[in-house]
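As you go down the protein sequences, you meet chains V and E in turn.
First residue of the first sequence: 1, per the working numbering; consecutive thereafter.
First residue of the second sequence: 1001, per the working numbering; consecutive thereafter.
Do not take every clue at face value.
[Stated by the list, open to error] Derived BS3-like pairs (lysine-lysine); straight-line CA-CA distance at most 25 angstroms: (1) LYS1006/E x LYS1253/E; (2) LYS85/V x LYS1096/E; (3) LYS118/V x LYS1218/E; (4) LYS247/V x LYS1253/E.
[Unchecked claim] Sample of chain E residues lacking proximity to chain V, with all beta carbon distances greater than 12 angstroms (derived): (5) GLU1082; (6) VAL1100; (7) TRP1272.
Don't read these hints as lab results, they were simulated from the structure.
Where is the CB? At the ideal position from N, CA and C, for every residue including glycine.
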Amino acid sequence: MEIAIISGKGGTGKSSISAAFATLQNEIVLTDCDVDAANLYLLFNPVCGEEYAFVSGQKAVINQEKCDSCGVCIDYCRFDAIVEKDHKITVLETLCDGCVLCSRICPREAICIVNEDKSRMYAGYFQNGRMVYGRLAPGEENSGRLVNLVREKAKQIAKESGIPNIIIDGPPGIGCPVISTITGVDAVVIVTEPTMSGLHDLKRTLEITAGFKLHTSVIINKFDINTDMTSRIETYCYQNGIQVIGKLPFDPLIVEAMVNCQSITDYAPDSDISKLIRNTYSKIITV
Amino acid sequence: MNSKTKIAIASGKGGTGKTFISTNLFNVLQKRDFNIALVDCDAEEPNDREFLSGELQYTHKVTQKVPVIDESKCTYCGKCKEYCNYNAIFFLKDTKMIKVLDELCHGCGACSVACNDNAIIEKDDLLGSVSQYGVSTNSALIEARMNVGVYSPVNVIKHAIKETVGFDLVLLDSPPGTSCPFIQTVATADYVVLVTEPTPFGLSDLMQSVDTLKSMGKSYGVIINRAGLGNNDIYDYLQLENIPLLMTVPFDKRIAVSYSNGELLTNLYPDWDVKFNQLYDTIIEQYGNSNN
C-alpha cells in the first residue's frame, strides 16, 4: 500500500507525522518526495549505498567567439532569457527555460546546451527499513520528474524485498511535484491546521485529489490552536464526504523529538500525542 | 530607499511565517501612506487575501501559447516531436498518431518553428489570473493565483511581478522552496528577507536558501519565527556566517491565534505595530550597508 502525506500549505507537520508513521512498524519503505526541501534524512540519517544523478533540464550558453550578435535568438526566445548587453548577447540563466530553440535556429551555431545535473536521488537503509529520497539542486525545475523517479525506486525496493507499505512525505503546494506524488497512490492523507490559510489551502488540495479520484482523508494538526476554525474544517470535510481521521493537539514534544533526531513515537512512545498518532495510523492502513 | 525597491520575503521550508511577516509589514507601511504593493507570489496557495481586504481593481487572465496540430496539413514527419524538449508531443510514425500533451507544454514555440507544413497553429491555454485589490488610496495587494490542475506557477508569478511598475515599494511574498518559483520571485528583488524557525528542519532549509541567494549575488537577512521552540543551532549558524538577524518573533499563543483567525497582529497589538516599523528601518539600514 502506497500512502502519500501532503498538505497544500507548508509547515503543517507533514514530515513529523510521516516520520511517526514510518517508525510504527519494522518494515517500511519511507520516501521523501519533498525534493525541494528534503528533511527526513536529517532525522533518520540513512545509510545510502545508492546515489543517482538526475538531469533536471538544460540551459543555453553563448559561445562568444562564434556569436556575431545578429540577435535572431532574442527574437525567438519566448522566455525573455536572451538580452544584448554592451554589444554582447548573453543568456539570463534564471529565465532560461531550456527549450533549446535558440541553439537550433542560431545561424552561426554559436549556442551550446549544457545539462543541469546537480540534483540527486539516494536509496538506502534506515532504522525501520528502507529509505529513498531526492534532492533537487537550487534553482532547478522538473521536480515532478524527480518525484516520479523516487517513487519508482521505492516501489521497486518494496517489491523486491516484500515490504508491503510505502510512506511518502510529499511537497507543499498543488503543482506538478504534488500531482506526481499522489498519482496512483492507494491513500492520500492531507495534514492541515486550523487557520484561515490552512482551510483555504485544504480546499484547493481537495480539488486536486478529487480530480484524481483518490481515497483522501484529513488530519487536523495543532487543532487546539483555534477550535472554532477546527469545527469549520470538520464541517467542510463532512459536507464533502471527506473523513477527518485524526485531530492532534499542539505539543512542544514534537519539536523536542525533532531536535533529538527522533520521531515523536520513538522519542515519547507513551505520550498522549503518540497514542493519538498510532490510533490515526491504524485508521489509514485498515482502509 | 530609492523608488521601485523590491523586498522579497522568502523561506526554504514551508509554513515558517512568510505570509505572517509580509502582511504585517505591508500593513504598517500602508498606514504610513507609502506607495506600496504587496504581491502574493505563492500562486499555488495564495493566502494574503485571508488577512487583507480591498476593492478589486482588475483581474487579468494569464495564458500560455499551446500548439494545435492541423492533421489535414500534417505530413507526420516527426520534426516537431524532435524539436520539443519537454516530451509534450506524442508521436507514432507507423500509425500516424500525433497528439499534444498540453500539461507538459511550456509554450516555447519550437514545434511551430520545426513544422515545414504550416500544420501547427497556437491556442491560448488558461494558467491562472493576476488580481489587484486596492487596500488604501496608495497601496494595493496583487495576487497571483494559479488554476488548480496547472503544473507550474512560474508564468503567473512573472505576470504578477510585472504589474508592480507604478509602485515605489514592492513586497514579494514568495513561494516556499529553492526551485524555479522561488528563483523567479527573488531574482527581481533588491533585498531578501528569509523567514525561518529554530528547528533542525528550519536550519537545513535556511542553509540551502542562503547558498542559493549567495550564488545569485543577493543581499539578505533573516527573521527567526517561533523563537523559544527548538534549539540554538540557528543562532550559531547566523553568527558564524555573519548573517544579519533582522527580528525574532517568539512562539506565543496570541500570535498563533490571531494568525489562525486571519487577523493582523499589527492591528491587534500596538507593540507589534512598533516592532514591524522597526523591522522596516532595519531592512533599509541593512540594504543601505549592502549597497555601499
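Against the structure, the hints:
Restraint check for LYS1006/E and LYS1253/E: the C-alpha separation of about 31 angstroms exceeds 25 angstroms, so the hint is violated. In summary, the hint linking LYS85/V to LYS1096/E is not supported, as the alpha carbons are separated by about 46 angstroms, beyond the 25 angstroms threshold. With a C-alpha separation of about 21 angstroms, the suggested pair LYS118/V and LYS1218/E falls inside the 25 angstroms cut-off, and the hint holds. For a cut-off of 25 angstroms, the pair hint linking LYS247/V to LYS1253/E stands: about 18 angstroms separates their Cα positions.
With a least CB separation of 10 angstroms from chain V, GLU1082/E falls inside the 12 angstroms interface cut-off, contrary to its annotation. The claim that VAL1100/E lies off the interface holds: its Cβ sits roughly 15 angstroms from the closest Cβ of chain V, which is beyond the 12 angstroms cut-off. No beta-carbon of chain V comes within 12 angstroms of the beta-carbon of TRP1272/E; the shortest separation is about 18 angstroms.
Checked against the numbered hints above, the structure breaks hints 1, 2 and 5 and satisfies the rest.
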